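Q: What follows is each chain in one-letter form.
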Amino acid sequence: MSETNGFEPKIVAYVCNWCTYLGADLAGTSRLEYPSNVRIIRLPCTGRIDANLVVKAFEIGADAVLVSGCHPGDCHYNAGNYHARRRWILFRELMETIGFDMRRLHFSWISAAEGKKFQQVITEITEKTIALGPYNPYGAEPRVEPLSPMPQAAAGACDPAAELELRTAAKRVLESGQANVVIGYGARGPVFITRPDDVDRLVWNANCHQNLATYLKRKEIRALGKAAIVMKGCDERALIILERESQIARPDLHVIGMACNGMGQPKCAACDTRETRFADEKISSAQPPADMPDRYVAVDQILAMEPADRMAFFTAEFDRCLKCYACRQVCPMCYCERCIADKNRPQAIDTSPHRQGNFAWHIARAMHLAGRCVGCDECTRACPAGIDLRLLNLTLARTAEQQFAYRAGMDPALDPLIGTFSLQDKEEFIR
Amino acid sequence: MSEQISRDNLRTLVAGWLAAGKKVVGPVQVKPGMALFAPLRSADALLLDRWVRPSNSIKEVVFPRHEALYGYRIGKNSVELFDAAVFEEQIVIGAHPCDAASLPILDKLFNWDFQDEIYNQRRAGVTVISVACTESDDECFCTSVGLSPSAERGSDAMLLPRADGGFDVRLLSDKARGLFAEAKLAAGSDGQAAYAGPASKFDPAQVGAFAKDHFEDPFWAEHALACVGCGACAYTCPVCHCFDIVDEGNGREGVRARNWDACQYGMFTLHASGHNPRNNQAARQRQRIYHKFYMYPEKFGEILCTGCGNCARNCPEGLGVLPVVTEVSHG
Amino acid sequence: MSRIGVFVCWCGENIARTVDIAKVVESVAEIPGVRCAMNYKYMCADPGQAMIREKIASEKLDGVVVASCSPHMHMKTFRRAAAAAGLNPYRLEMANIREHCSWVHADKEEATRKASDIIRLAVAKVGYDHALNPIKVPVTRRAMVIGGGVAGIQAALDVAEAGYEVVLVEREPSIGGKMAGLSETFPTLDCSQCILTPRMVEAGQHPRIKLYTYSEVESVEGFIGNFEVTVRKKARYVDIDKCTGCGECSKVCPLKKNLSEFDYGMGMRPAIYMPFPQAVPARPVIDKTQCAKIIRNGCGLCEKKCAPGAINFKDEDQLVKEKVGAIVVATGYKLYSIGKKQESEKITGYGEYGYGKYKDVIDSLQFERIVSASGPTNGEIKRPSDGKTPEKVVFIACVGSRDNAKGLNYCSKICCMYTAKHTMLYKHKVHHGEASVFYMDIRSGGKNYDEFVRRAIEKDGAKYYRGRVSKITEENGKLIVRGADTLAGVPVTIEADMVVLAAAMRPADGIEELAQKLNVGYDENGFLMESHPKLRPVETNTAGVFVCGACQAPKDIPEAVAQASAAASKVMVTFAANELTREPEIAVINEQTCAACYACVRTCPYHAIEKVELRARNGTLIKYAARVNQGLCMGCGTCVSVCPSKSADIEGFTEEEIYSMVEALA
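Protein sequence lines correspond, in order, to chains A, B and C.
For the first sequence, the working numbering assigns the number 1 to the initial residue and increments by one for each residue that follows.
For the second sequence, the working numbering assigns the number 1001 to the initial residue and increments by one for each residue that follows.
For the third sequence, the working numbering assigns the number 2001 to the initial residue and increments by one for each residue that follows.
Accuracy of the hints is not assured; some may be wrong.
Taking beta-carbon pairs under 7 Å as the criterion, some of the chain A residues facing chain C (in silico) [unchecked claim]: (1) R48; (2) A57; (3) A155; (4) G156; (5) I340; (6) H368; (7) E401; (8) A405; (9) Y406.
Just so you know, these hints were derived from the structure itself, not from any lab.
As the structure is a prediction and not an experimental result, all values here were calculated from the model.
Positions of the beta carbon are idealized from the N, C-alpha and C atoms, including for glycine.
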């Protein structure tokens, strides 16, 4: 277009085959003219359009991305657009927190009869993008400016009797053959007690940080036989998700629930699961903190910043990422046999620890944990580069709780957040 | 050696380097309780006031986590290649002796058969100004691997902290002397006895000896159980040097890049056939110890460890070299 | 390196006017992998197709891009051409440079650039296209029809007549459904049983129809072409093979005062009974909740009286399995339970109409029995309370229907018509009687329908009041009906002898459980979901499961029958070959990398993904994984999006294809 000072925005449109693609066809048969900047990628259904694709479009230099499909109720496959809509709600919140320019990310329902609407949407997006100018989300100057310190909880006092009780319980389950291995905490970190005589290696103190549930996915641990596992109330939420996702058979697992007064982690300040709820045996008791801050205060702090500043902040954070995958490996929910990051045909997420690859990785990771992350914050604790990964997880957890009354791992009866939908899911962002 | 520099003058010197557009890498605070070696944005950011052990190492100045080896463009019937790497002068300040010692070790690796030009060109541009340690923590063990809190190996200069906050300066190379030419140095002698460091915790030779005939020992499996298979140990290790080659592009053009890789990853040794010779974490953990204390010494005559303790500090599950080798060494 | 041919179409002037074809050809010829770039005036015309075929052969092309119109227009055409030349048709892609380019952009330079880009995407994609072959699914050419009302009977007979076996499952002791109990039907007033019973007999005697009455579907396994349905045959206590249907048992049964289900409580029946005289099968059943022998080992008269010895008090439920290739659901409707406790809190009922409290307030199906010649009053109109002929009858339409406040917001569709019919039937039998109707709107669309309503009003003198009834009370043996005539703007009070409520149609009890067994969706009212309201009205989202009749939505007999025949024809299409051929552009799962989280299983709108155990040859479990049922998958790709490791993929839209397209835009 001539009035653009030479700037021809690149606009990528992911559209479903049955509504928006046909809407664009109708715009054609009706000879409805619109700017030529859009490049359409046809997919079967909006249900197929995932966050990785949107991120990839920005990576290849898109100045704006449109995702468009059938109106609610019109999906050729009945519910693909509903599934998509729920994911978009979460994805948008994540991108918002990270500081992506949300004026570049568009969603619409355009039916096969709405050639006119297709024309309007494309025209408006193009004009808006021209006004905004070129976009490079990966060009921010990193802003190395630590957030105001997170609510830090002092480590609570551990009940000394509890340690003794724990060892007794461990001895009992091993001797009785109820379990072949007790997964618990030792002096330096996790220990795997297989002999009743070794139970004194188990400790219970204020350094029992790890969420041991992550070991349930490891074949080396599975090979040890039936497990008993030491769980804090917060860790236990992971078991609920793992069971829901067919990763563990809960009846085969003996859970020793330890009441916890906090391990001095940021998450402990707002912890309302100080005791396990579904453990097979519970040791000691604990009270939630009297003065509990909002769980999501850290997200509020981030969102108080301007989007560009958020982008600069996360650029600094992700620039430190080494792609050591400690975040992934400690996460009880990351149990894939082959991580998407390790899939190279195609390489949806660049393996390189450069800025773009790091953004893609952390966005994908957060999205995969949407509605699944139980907030154990192991990723954040494990990161050798000190990246505040919990901000991403908290963003999605907050959306899940506020928009869908869903907290991962709290209610075993609840259907997962992703893979379900409600006709009432909000769509004020979709035009 | 008989020169010293005040802390303020050292900062002024660093500020001068930065002002001259030089890239200066040193320990900076990134989070409460976490320091990293990173390019300095200002001399004030350089942590000089107290002993800190950054969570990473300085190997990135010669062996970046990601570097383009060359670019390519696929034409209709041809492939064009382009040099990608741009080399610059880099000054490392505030390295510990365990960091500085990593460079001579890496030099051997990158030059024993194939002369890695890209590495060597980077290496030639690096000047390492170390600061001797005045303390250590539970994970430190330089004294067990033949180094010490003021060992000079790999350093172009050594700064020894003084009680008055300044440093005794030992300039060990012409590069360092050049950099310090403008410095306001005062005459003076080494004012105090150097910190002796932690007592030796194990004997590396014994580890090598044990490794030699205990490949199948159940010991390795027991000690690997807690390992979750991340690369935090390898990536923060000053001398771990494994890398992966990837092509990144769009089918028409792109770069061939070298990225760090880590032996603890399940896919590290995965063959295209699906076979994986190290198909469990015990084999991978064992490999890490073997490489450092048995294989590398066999090939290069020295162990692949500088005793920095980063592996243990950064391991989310409390593992690391030290606990394993201590146990081996003590039977 | 691929050998890709690009064929750019001018579409006469349609593309060539705004797209510089020569320039486009020149630019795409430079794309690595492009072996030849051709252009022609009309690619879809025979010479154009011939050019494609010729080049595939001469250049040994392994991928083709046709840059022309929308794939929705000519994909099939060009794929056929490719196949004819020996290229796998799924290695042909289209670049839409007409609808998405030349027709919508005026600037030739821009349109030319965009056209080149669009082709570049298609070339990128085709390089990753897999050669695909249509999927074959074996078919058991045998159908099940669930529900033996008029729709089910129609569907079963149609399929059976086409030569396939049908298993007809009916919950009640006899087929016939609601229609068997109706008096006369609108708009012709022909006798319901006269039309239906021959069809019932036909179904009962058809050599290819296997009848399971008094039976219910217990569980459904499998998928299109390959269902295995477990049917629960409820204990009937009468051996229907031995029984001759003589009826002696019912005569001797001392417990005769049980409310008849068939008469909706308007009549009585013994504890061992035939639901109605024309029942198919004409065999009795024992109500085990009433029979003295079963309850307390008393009586036993029927057993003694039964000459063939068909009574078996020890009878038990039996589970039988039936393999079928298609299932038709025709479970019909029930009436809104006006006064009783409702199954949902949202539905509040109509306590103010006194149904259940006043004997002479009845629902429409009860009235059908009263007015029916085979009914408890032999067709004489007598009110339930005292058997007197009602002089004034009030009919209230839309009881439950179209009433958001009371719960159901849909129109039950048939009530306007049968209410008009009721007034006529009443007036024909009680000539001096007065029939009044309260209605909201009269919806009488249909052949001869409005004429029928007009006849009721104009010829038979039914009084129609457009308004609602607020309350019914009883005073001195009269039902005081207080309502409004909103057209006249006056309140209306009628002292009626009987009130008939046109209660809403609801799906039959147990529909949701059945829907879940079949993996068929249902709406908020419980009506089964058709796959597409216009284009696939009798299909469901589960391939091989079809719907007809009132289980899908309220409808009248002609509609239910038409839909039944439609469902039957869909069954026949399914059975047309020994194997079903399905499009291969569906999901595949890499079982090796699948982590068995089953997010896909939960998400799939078609329940097309199943959990599998991968076992070694010696039987040891290697791992769990998800697997796509090729008979069910429709290829939407929702599974791919939710698969964290992207072990799921969609053929025709694989990850490699999509990313190659995006990257071609870099």
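Q: I'd like to know which numbered hints this structure contradicts. Please list them from smallest to largest.
A: As far as the earlier hints go, 3, 4, 7, 8 and 9 are violated by this structure, in ascending order.
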